[in-house]
Amino acid sequence: MPSLSKEHFDLYSAFHVPETHAWSSSHLHDHPIAGDGATIPVIDISDPDAASMVGGACRSWGVFYATSHGIPADLLHQVESHARRLFSLPLHRKLQTAPRDGSLSGYGRPPISAFFPKLMWSEGFTLAGHDDHLAVTSQLSPFDSLSFWKEMKKLAGRLFRLLIISLGLDEEEMGQVGPLKELSQAADAIQLNSYPTCPEPERAIGMAAHTDSAFLTVLHQTDGAGGLQVLRDQDESESARWVDVLPRPDCLVVNVGDLLHILSNGRFKSVRHRAVVNRADHRISAAYFIGPPAHMKVGSITKLVDMRTGPMYRPVTWPEYLGIRTRLFDKALDSVKFQEKN
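Residues in the sequence shown are numbered consecutively from 1, following the UniProt record's numbering.
Calculated from the structure, these hints are not laboratory results. Glycine residues also receive a C-beta, built at the ideal position from the N, C-alpha and C atoms. There could be a bad hint or two in this list.
[Claimed, not checked] Derived pair list, reagent style DSS-like, types lysine-lysine, alpha-carbon separation capped at 25 Å: (1) K331 to K153; (2) K297 to K337; (3) K118 to K94; (4) K154 to K297; (5) K303 to K337; (6) K297 to K331; (7) K297 to K118.
[To be verified] Label-pair ranges, simulated between beta-carbon atoms: (8) P41 to S113: 27 to 37 Å; (9) H29 to A280: 53 to 63 Å; (10) R93 to L246: 25 to 35 Å; (11) E320 to D250: 36 to 46 Å.
Take these sequences, add in the hints, and give me the full structure.
Listed below in structure tokens is the structure:
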């Protein structure tokens, strides 16, 4: 990852986009932007048919808006205010929490920065585990995050159960799915991201296109400040298009990650997404990631495997998969896919 202090550029007072942050047009416009006809599914997860709707959204889109999610609005506002306080601090203060000694937690550029020749128009705090969160943020802006962690983990468990039900598993079979049995031991992390206003948004990117490695990502984003886009695959007659995932009142964004793609034997789509920037709005987001305990191998659920062809993917642990992504980035998922049998 590029050094944070060397040639660091102050995004908040910028009058231009320097070459270090200037992306080629071919990268920024690799796919067209979808028109108004493309609509991300909005699902009330308290609905009796929520499992079917959530499953359908994850098969066709890999992302949906969740309503009736149970996270108190005032808690989300507190998290957003806390993030704004952190990002408003002077750079030298934020750099005091840069990751050290192998820790993932702390201030820095997007974790995917190492895979790209240009820098992104954003900064973030990675908080991998509640104790690390306190160690990082207590140095800068005290905030009791335990309630947020508990609420997000509870919501993730609720969503995960709906997804497993949508795959046709009964109660006994659900009890045999490792991640559900050990959800209380699940690994999780929070990523706070800041996307400052940009004087030349047509030359910059807030977060380059990628998929997430975890099972699920649950995202809160600033009201009124758009920027998140997902890549919507079309049929053979049309090319893929970027679709805006605009903030919606009382909604959280839920997207499928690579490990859930593997667990579902390819039924649920790990969705490619990015964040664009603009001249007018400073966007803040808080993403919660949940995955399996570090020791657990994730493979395709047996009931979903065609016995004639076998599973699509070989089992991997989350740390093992992260190691593969470190080497191969967006080709990691394909690298753990079994070759098709003739």
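**Item:** Those earlier numbered hints the structure runs against, lowest number first
**Value:** 1, 7, 9
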